[in-house]
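> Spelled out, the chains give:
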Amino acid sequence: MAPVTAPAGPPATPGGPAAPAGAEMHALVERLYPLCRSITGDGVRATLDIVGEHLPLRVHEVPTGTPVLDWTVPQEWNIRDAYVADPAGRRVVDFAASSLHVLGYSVPVAATMPLSELREHLHTLPEHPKWVPYRTSYYKPDWGFCLAQETLDALPEGPYEVRIDSTLADGHLTYAEHVVPGQVEDEVLVSCHVCHPALANDNMAGVAVAVFLAKELAERRPYHTYRFVFAPGTIGAITWLARNAERIDRVKHGLVLACAGDRGPVTYKRSRRGDAGIDRAVRHVLAASGRPHRVVDFTPYGYDERQYCSPGFDLGVGSLTRTPYAGYPEYHTSADDPSFVSPEALADTLAVCREAFAVLDRDRRYVNLSPYGEPQLGRRGLYDAVGGRSDTKQAQMAMLWVLSLSDGEHGLLDVAERSGLPFGTVADAADALAAAGLIKAA
Amino acid sequence: MAPVTAPAGPPATPGGPAAPAGAEMHALVERLYPLCRSITGDGVRATLDIVGEHLPLRVHEVPTGTPVLDWTVPQEWNIRDAYVADPAGRRVVDFAASSLHVLGYSVPVAATMPLSELREHLHTLPEHPKWVPYRTSYYKPDWGFCLAQETLDALPEGPYEVRIDSTLADGHLTYAEHVVPGQVEDEVLVSCHVCHPALANDNMAGVAVAVFLAKELAERRPYHTYRFVFAPGTIGAITWLARNAERIDRVKHGLVLACAGDRGPVTYKRSRRGDAGIDRAVRHVLAASGRPHRVVDFTPYGYDERQYCSPGFDLGVGSLTRTPYAGYPEYHTSADDPSFVSPEALADTLAVCREAFAVLDRDRRYVNLSPYGEPQLGRRGLYDAVGGRSDTKQAQMAMLWVLSLSDGEHGLLDVAERSGLPFGTVADAADALAAAGLIKAA
Amino acid sequence: MAPVTAPAGPPATPGGPAAPAGAEMHALVERLYPLCRSITGDGVRATLDIVGEHLPLRVHEVPTGTPVLDWTVPQEWNIRDAYVADPAGRRVVDFAASSLHVLGYSVPVAATMPLSELREHLHTLPEHPKWVPYRTSYYKPDWGFCLAQETLDALPEGPYEVRIDSTLADGHLTYAEHVVPGQVEDEVLVSCHVCHPALANDNMAGVAVAVFLAKELAERRPYHTYRFVFAPGTIGAITWLARNAERIDRVKHGLVLACAGDRGPVTYKRSRRGDAGIDRAVRHVLAASGRPHRVVDFTPYGYDERQYCSPGFDLGVGSLTRTPYAGYPEYHTSADDPSFVSPEALADTLAVCREAFAVLDRDRRYVNLSPYGEPQLGRRGLYDAVGGRSDTKQAQMAMLWVLSLSDGEHGLLDVAERSGLPFGTVADAADALAAAGLIKAA
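Protein chains in written order, with UniProt numbering: chain A, 1 to 442; chain B, 1 to 442; chain C, 1 to 442.
Quick caveat, the hints were computed from the structure, so don't treat them as lab data.
Every residue gets a Cβ at the ideal spot worked out from N, C-alpha and C, and that includes glycine.
It is possible that part of the hints are untrue.
What the hints assert, rightly or not - A few chain A residues that don't get close to chain C, going by computed Cβ distances all over 12 Å: (1) M113; (2) L122; (3) P126; (4) Q149; (5) D186; (6) A218; (7) A237; (8) A242; (9) A245; (10) A287; (11) G290; (12) D304; (13) R306; (14) G381; (15) R418; (16) L421.
To be verified - Taking lysine-lysine and the DSSO-like style, the derived pairs with C-alpha atoms no more than 27 Å apart in a straight line are: (17) K440(B) x K393(B); (18) K215(B) x K252(B); (19) K140(C) x K393(B); (20) K140(B) x K393(A); (21) K215(C) x K252(C); (22) K252(A) x K440(A); (23) K252(C) x K440(C); (24) K140(A) x K393(C); (25) K440(A) x K393(A).
Using the sequences and the accompanying hints, generate a full structural model.
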């Protein structure tokens, strides 16, 4: 399947509840942003504590050394302080200013060394001399500092004091779940990675959208059960999968939320299956909305859809972002700060999720109980039963389409796609027809 | 399936038999045009009497109250006179001038009322002030008049005499059938609605094409049996389906003919199946002909294909029109008069039907009896057996294609589509190969 | 399937071994070119003798009258001399100058006749007055001469001596095979027609490419067994098929090589199946290479793919040419001489075959042995195991793609097509994963 790109145009301005939610989500991003997260450790716990102020969370602590699928839960990393001091004793690189300054999972170090030796442990972005890169070394013991190229260029020769006060020791990997109970046990999974330190779009924006989505869903009793997973990337999703293998079949649909707040258009990346329910629902919502957007095929690279879509699980899990993985210069740098994320974009991402989940929750197959010829809608009052005056014709067309395709093979999303009508109009028509006894759930 | 539009160009000028048939069909349209048809009543009977001068008809009378599928045959409506007389006693709206002036199925009325009260029963077309609209109220008892906006604007205040001398009483619904016997009992259904009063293109043009098609088919013994149904729209098709449910499986293909005479390009609307034999045959004929044309997907709105394609029947019935349903401003107005219909367009619609039915009648699956390597055509004289000198190469290619694809899976229309050769050339090649014993019917 | 045309551009310059091979192939074309080949006779034997200097051949002699499928092996034709002498006794048309001058399979003749009578046996190309056409009459006894229109125009009236010293008698049809043994008995068939007299591109170019392909394959032990068939067109392929019917199932893929040396872009004609392994392999190689090229659908006309793809056999055999069958003015004329063929084009055709066969030989289905989540590649050293520094990212992506799609349903060519990665990179990744025990052959 080729990428589908909609014609560019002004982004939809989300109305009503979205605008205030946008501001609240942005405030949550700002609050979560500075914490020093990694794939384990107290930064993840502090993040989940704040999320827990919004949603009741079930927090899981999985001990170091636990086998999870092909992997093993690593040692826990914590850090208290880290700096590079120049020959004059000034802290020229300081963890206290930003958690990005330390290579993630750096082993402890306390030494003095010349600049030439130190350079081998310094990471910069020469093409963006003012930005600090984000770097980690989870599985190969190492230490290092990340800094702006400008800072590096200004360093004089001489002995530097280097100190990383970190601990790498047996402990736990931490992740959390929140469940919104539905009418059925079939689940929709929403998964966000919580392992990146001072980066806003990647992925405190995804966390914020997930939090507000869960709050909205809790206001009604949705059809599906919605399970939100906040876990470190890769090892966290793998740990969740390992611990939930026996109940994984309940997951009918899913969405990995990442990079959810930049000002670019929405991008949906299909599941490995390519035509899973979530793929069709999001595609329909995006196409029908007129939003500028992109729909791209699955690749086995990106965020935790890699794990959920691995061939043994092959879940119907897609990935929703705005500008996708590695698609913007600020990606994995200090420029991905809260100003890079906009309340409007957060609200728009939230709206896409809300609309797509409404499709998943209402999509059904029906059987036309009067399939020979058209049933006489007029004597049942159905020519006026749905919608206001201006919507009447569309509502009638939707009823005719539902009757035509309700042969047990087509669902309401099929009807919406084939008719070109909005899913909501089709689903309303189906409700009216079902109430009149003309169709029944297949 | 997306609509397929051919490049615009001059319409094919139908040669030979079409031109005189065009004039004869137009004369028939003119003669049928003024009758006051409705879904029941003497106008339908008078229409069928005239059709019966051309074709032997079997006329069916179905009593009021008969249950037909989800519907019931309604009361019969007849009308003798109707008018609105102004304060000076002049008939300003008069049924005698055009049967369009009365709302179809108007209940009787004899009253005098001020213009303000009368207005609620008057229907006009403000955007086309000289045209009289066509309106009905079959299933909700009502009365009314249709008139030009200009006429309405000229009416003075004052008391108006209103009279509709109609009868709405138990009686019958009338429809007719004509059958052209074929070599097999498998049927092709051709259906036209005969319920619209003084409208020419919609649908006396369809009736005229059907009549001349039936006459042509009767001159040879076609492969399929052709059944022509002349019935009121919706309730007539539903009644026919209800009374023929047990033999409906004989209907292998079908065509609803409507709006068959305006000067626009031919439009074919696919059956609900989308790839039924009739869909493929008409598409091939239109594409191969070079005619400007459109092929559009099924929608559950339009003419009686709605009933034939309802999911319980799901027949392979498409709809052939020129400008389709509601696609021209004259649609359902007094401007759809005989001058709106042209003899050339009628002849061209007839030609499309003739060519498409030739495909349906000749399409067969064959099995190559010499499938290992090419058979030696030369020693059987087959390199010259078909066609004249200039057609020889195309005829030879057609033989090679028929041999290549005659594996029991592909029919001759498949061969024509894959090879890009005209269906007739392919069918002639198959006849030659069958005569030489190289292929046999699968 | 529609033809696929790549954007025009400079032809790939084949590096390394191709350039010297191009010159050697061209020398072979020049040496084979003048021989008087036909569908039987000593010209074919002399051609196979020269091929036999490069490759060990198994030569088959099949007696006249042998039934082969729907055909019969014809009498053998040999010719020693032929000429037309003008009234002055000068040989104005002389077989000694070019074997094209005699109508192939001419019966013997020795006569004197006026020019008017002789004209009925003369074949020219009025639109190319300097060129001599190539004509035959295999199955209808006839005689004739082919000459330039210019030559004909200059002939004076008067008696002409006509002599064709040919023999048409019981004998044999000759063809040859060369086999490169593989690791498995499954075969790839490479077939070239060897029946055309003094024509270079059609088909000594195909023969030369086949010879050098066989030599290259013999330098390694390929996965498939490669069978090269050098046989007269049509009757030769039919004879080979007739004599190998019981082992034809071993042929898994095949390629008919013809017109392999002109300066036009490569054209691949799909097998009748349309999606056979060879169709996909050649398409991938051509698309990935950036060469200008065309991929066209099967038609039952052309070279011996007509026989191999006849519906009884329906082999996965495509046809590789440069400018295809009858697609250039020089086709079947004296202008198709060695200057019409270029060493670079021959080398390029050879490269396409080499690359496509590499795909066929390496394409496998694997099963991911660690399908739940991603396996931890890092601890197995696989993030650096394949390729040099600049290729590392592509190699890693290839590993992720192979893991993702190795579900027993997809082969490596599927992976290459879906990922957009070169087949070789994907196959190397699969080798690395298999060596690490992460996948195994399905």
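> With reference to the structure, classify each hint as holding or not holding.
Evaluated hints:
1. No Cβ of chain C comes within 12 Å of the Cβ of M113(A); the nearest lies about 28 Å off, and the non-interface call holds.
2. Once the 12 Å rule is applied to beta carbons, L122(A) is consistent with being away from chain C; the minimum gap is 21 Å.
3. For P126(A), the shortest C-beta to C-beta distance to chain C comes to about 18 Å, beyond the 12 Å cut-off, and the non-interface label holds.
4. Listed as a non-interface residue, Q149(A) keeps its Cβ farther than 12 Å from every Cβ of chain C; the least gap is roughly 22 Å.
5. Under the 12 Å C-beta cut-off, the non-interface status given to D186(A) relative to chain C holds; the minimum distance is some 21 Å.
6. With a minimum CB-CB distance of about 30 Å to chain C, A218(A) clears the 12 Å threshold, and the non-interface call stands.
7. Distance check for A237(A) against chain C: the nearest CB is about 8 Å away, which does not clear 12 Å, and the non-interface claim fails.
8. Against chain C, the non-interface label of A242(A) is violated: not every CB pair exceeds 12 Å, the least being about 8 Å.
9. With a least beta-carbon separation of about 7 Å from chain C, A245(A) fails to lie farther than 12 Å from that chain, contradicting its non-interface assignment.
10. Under the 12 Å C-beta cut-off, the non-interface status given to A287(A) relative to chain C holds; the minimum distance is some 23 Å.
11. No beta-carbon of chain C comes within 12 Å of the beta-carbon of G290(A); the shortest separation is about 30 Å.
12. Residue placement check: D304(A) does not keep its beta carbon more than 12 Å from all beta carbons of chain C (closest about 10 Å).
13. Listed as outside the interface, R306(A) is inconsistent with that label: its C-beta sits roughly 6 Å from the nearest C-beta of chain C, within the 12 Å cut-off.
14. With a minimum CB-CB distance of about 51 Å to chain C, G381(A) clears the 12 Å threshold, and the non-interface call stands.
15. For R418(A), the shortest C-beta to C-beta distance to chain C comes to about 25 Å, beyond the 12 Å cut-off, and the non-interface label holds.
16. Against the 12 Å criterion, L421(A) stays outside the reach of chain C, whose nearest CB is about 32 Å from its own CB.
17. With a C-alpha separation of about 23 Å, the suggested pair K440(B) and K393(B) falls inside the 27 Å cut-off, and the hint holds.
18. The hinted pair formed by K215(B) and K252(B) meets the criterion: a straight-line CA distance of about 21 Å does not exceed 27 Å.
19. A C-alpha spacing of about 19 Å is found between K140(C) and K393(B), which places the hinted pair at or below 27 Å, so the restraint holds.
20. At most 27 Å may separate the alpha-carbon atoms for a hinted pair to count; K140(B) and K393(A) meet this at roughly 19 Å.
21. The suggested pairing of K215(C) with K252(C) holds, with an alpha-carbon distance near 21 Å, which does not exceed 27 Å.
22. Distance hint between K252(A) and K440(A) is fulfilled; the C-alpha atoms sit about 23 Å from each other, no more than 27 Å.
23. A distance of roughly 23 Å separates the Cα atoms of K252(C) and K440(C); the hinted pair therefore holds under the 27 Å criterion.
24. Under the criterion of a C-alpha separation no larger than 27 Å, the hint pairing K140(A) with K393(C) is consistent with the structure, at around 19 Å.
25. A C-alpha spacing of about 23 Å is found between K440(A) and K393(A), which places the hinted pair at or below 27 Å, so the restraint holds.
The structure shown violates the earlier hints numbered 7, 8, 9, 12, 13.
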